[in-house]
Amino acid sequence: MLLLIAQKLASIALLLVVVFSASFGLMRLAPGGPFDSERDLPPDIRQAIEARFELDQPLHRQYLSYLADVFLRFDLRPSFSYRDVSVNQIIAETFPRSAALGSAALLVALLFGLPAGVLAAARKGAAADLLLSASFALGLAIPNFVLATLLILLFCFVLPWFPVAGFESLRHLVLPALALGIPIGAGLARLTRASVLEALASPFVRTARAKGLAPRAVLTRHALRAGLVPVVTFLGPAAAAVLTGSLVIEKIFAIPGMGTFFVSSVMNRDYTLATGVLLLYFGLVAVLNALVDICLHLLDPRVELK
Amino acid sequence: MKLWRHRGARAALLILGVMGLLALLAPWLPLADPGAGELSDQLQAPRGLHWFGTDTLGRDLFARTLSGIRSSLFIGLLGALVSLVIGVLVGALAGFSGRLVDSLLMRLVDVLYGIPFICLVIFLLAVLRDHEPVLRAHGITRETVLYTVVGATTWLTMARLVRNEVVRLRGQPFVEAARAQGLTGSRILIRHLLPNALGVIVVALTMTIPSVLLYEAFLSFLGLGIEPPGVSLGLLAAEGVEALGPLHLSWWLIVFPGGALALLLLSFSLLGDGLRDVLDPRDGRFLE
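Top line first, the protein sequences correspond to chains G and Z.
For the first sequence, position 17 (counting from the first letter as 1) is numbered -3 according to the numbering used here, and the numbering increases by one without interruption.
Just remember that the numbering used here sits 1070 ahead of the position in the second sequence, which is counted from 1.
It is possible that part of the hints are untrue.
Unchecked claim - Derived, one-sided and incomplete: chain Z residues facing chain G with beta-carbon distance under 7 Å:
(1) LEU1163
(2) PHE1166
(3) LEU1170
(4) LEU1174
(5) LEU1178
(6) GLY1184
(7) ILE1188
(8) PHE1193
(9) ALA1196
(10) ALA1287
(11) LEU1292
(12) ALA1313
(13) LEU1319
(14) TRP1321
(15) GLY1328
(16) LEU1336
Said to hold, decoys possible - Restraint ranges, calculated between C-beta atoms of paired labels, are given here:
(17) THR1218/Z <-> LEU(-16)/G: 34 to 40 Å
(18) PRO1097/Z <-> GLN(-13)/G: 56 to 62 Å
(19) LEU1147/Z <-> PRO140/G: 26 to 32 Å
For the record, the hints were derived by calculation from the structure and aren't laboratory data.
Don't be surprised by glycine CBs; every beta carbon is placed ideally from N, CA and C.
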């Protein structure tokens, strides 16, 4: 087990170095410099700035010293566009907001998705199932930015219950979390329904039924437990979906989270900030995927660890 | 045709047919110009001449939605095509060329599955944007860049499905017969294996198209995809969000383009489900 965890960590580290190198290469390939938008910088000031960011060094030097800073000293360097703050500081400030939004959205997805999926499976073919299944399909089809706008229209303007934008209180979190969480919950519900149905059709459930166990007990004690295995698998892609969705949701609700900073940093050629956020995103998703793998192995030892 | 008897697939085909035809024929229909508007008509609610209302510049939203569907579908189909080519190549190569190549390629696919591609795509599009004059000189438009990049990141499922199908088919007697006749490996692959894997490829394609559509909408919404004066469903939704304010509840600007996008996504996923049921009865149906 320990060996496996070490192996996973090593492969994550390798992935991050690859991502780092790719983003370094891509950014340096771009023709514009990060300070092109400054009007008429005096040459000596430009030189001083470039020296500070080591832009005057040969490329391999820049690469190696940056690599050492990031991976050995965990220093993501100062931001290019927000001159006085380091990327570490920006991330430390914006990450908690994005993490709060993301976990609230996952909570919404689990709270809606799991019970709805189990209910649809238990009532398979009945009106409740058809209605629920149709709403899952609909929830999957409506893109989260459309949902977000509809929510704002309904609950901010028509019924003034929630604030439109910003990130000060819990009330600010409700609508973004719903907009981000509902489509993911619909996917989760569909998956839960399918896997519980599959479990219900399997021999061990037939045995339980043959023993005379009440239908409810069969469902909760046997089918549900087996049916939850694929649901754990879903958490990896769900984390990626939350991350993707948060890029637009943060924009719509004007939440100063990491997604907002990521998009603007890429647009402004803020190399250091973009690289830092990119590394954090990739690391986060990779760690979650590794955790899911390990959990699956613990839940069901037949699952091989890759 | 069996697909026509499948209720969901039939509805999906009808919806897609109507939307596709309308969007395709839009330039020849007697509609308002999607790019020109009267400022005196701005932000009209749907009625009379403007079925879907008008936007902040007084442009007719019905015409704009149709041309949005047109360019979104265009990018969706081409992006899916790019992903089809890459996915089939990788899948066929992995399934057909021995254990070492297979395990290496599938390992790569596994690793790529765990990557948040959207960040990479955003990164790539922003960098390519800086090269735009050079690209344009070579006749590469923004649309081309968009569907190539998106297609190049959505081929994983296709590759996995094609590989599994090729591995399954490879052991069948008809392949052995072809080999006994002295056919070369590449000929067996092209003439015998891939045509038999067509069902799987088509199903995977209907699953890829909606994800490319969604990608496009998403990127255009963030301002990294199609840009004005171009029109796409994601861009229209972004304009709708911008126009929204407590003073003018311009719901039509988000409901119609968003609804069109949702309808497209829903139809493609229904079509995919129907195709899977018809082409692959092993999966699911027999269990019930």
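Here is what the structure says about each hint:
For LEU1163/Z, the interface hint is violated, the least distance from its beta-carbon to any beta-carbon of chain G being 21 Å, above 7 Å. A distance limit of 7 Å between C-beta atoms decides the matter here; for PHE1166/Z the minimum to chain G is near 22 Å, and the interface restraint is violated. Because the smallest distance between the Cβ of LEU1170/Z and any Cβ of chain G comes to about 17 Å, over 7 Å, the interface hint for this residue is violated. Interface hint at LEU1174/Z: violated, since its Cβ lies 14 Å from the closest Cβ of chain G, which is beyond the 7 Å cut-off.
Contact between LEU1178/Z and chain G, as hinted, is not supported at the beta carbon level, the nearest pair being about 12 Å apart and thus beyond 7 Å. Of the supplied interface hints, the one on GLY1184/Z holds, with its beta-carbon coming within about 4 Å of a beta-carbon of chain G, less than 7 Å. Given hint, ILE1188/Z at the interface with chain G, holds; its Cβ is 4 Å from that chain's nearest Cβ, closer than 7 Å. Because the closest C-beta pair between PHE1193/Z and chain G is about 6 Å apart, less than 7 Å, the hint holds.
Restraint check, ALA1196/Z versus chain G: the minimum CB separation of about 4 Å is within 7 Å; hint holds. About 6 Å separates the beta-carbon of ALA1287/Z from the nearest beta-carbon of chain G, less than 7 Å, and the hint is met. Annotation: LEU1292/Z was flagged as interfacial toward chain G, and the flag holds, the nearest CB pair being 6 Å apart, inside 7 Å. The interface hint given for ALA1313/Z is broken, as the beta carbon of that residue sits about 10 Å from the closest beta carbon of chain G, more than 7 Å.
Below 7 Å, beta-carbon pairs count as interface contacts, and LEU1319/Z has one with chain G at about 6 Å; its hint therefore holds. This hint holds: TRP1321/Z has a C-beta 6 Å from the nearest C-beta of chain G, less than the 7 Å allowed. The beta carbon of GLY1328/Z is positioned within 7 Å of a beta carbon in chain G (closest approach about 3 Å), and the interface hint is therefore held. A cut of 7 Å between beta carbons decides the hint on LEU1336/Z: the least distance to chain G is about 4 Å, and the hint holds.
At about 38 Å, the CB distance of THR1218/Z to LEU(-16)/G agrees with the hint of 34 to 40 Å. At about 58 Å, the beta-carbon gap between PRO1097/Z and GLN(-13)/G stays in the expected band of 56 to 62 Å. Distance hint check for LEU1147/Z and PRO140/G: the Cβ-Cβ separation is about 43 Å, which falls outside the suggested range of 26 to 32 Å.
In this structure, the earlier hints numbered 1, 2, 3, 4, 5, 12, 19 are contradicted, and the remaining ones agree with it.
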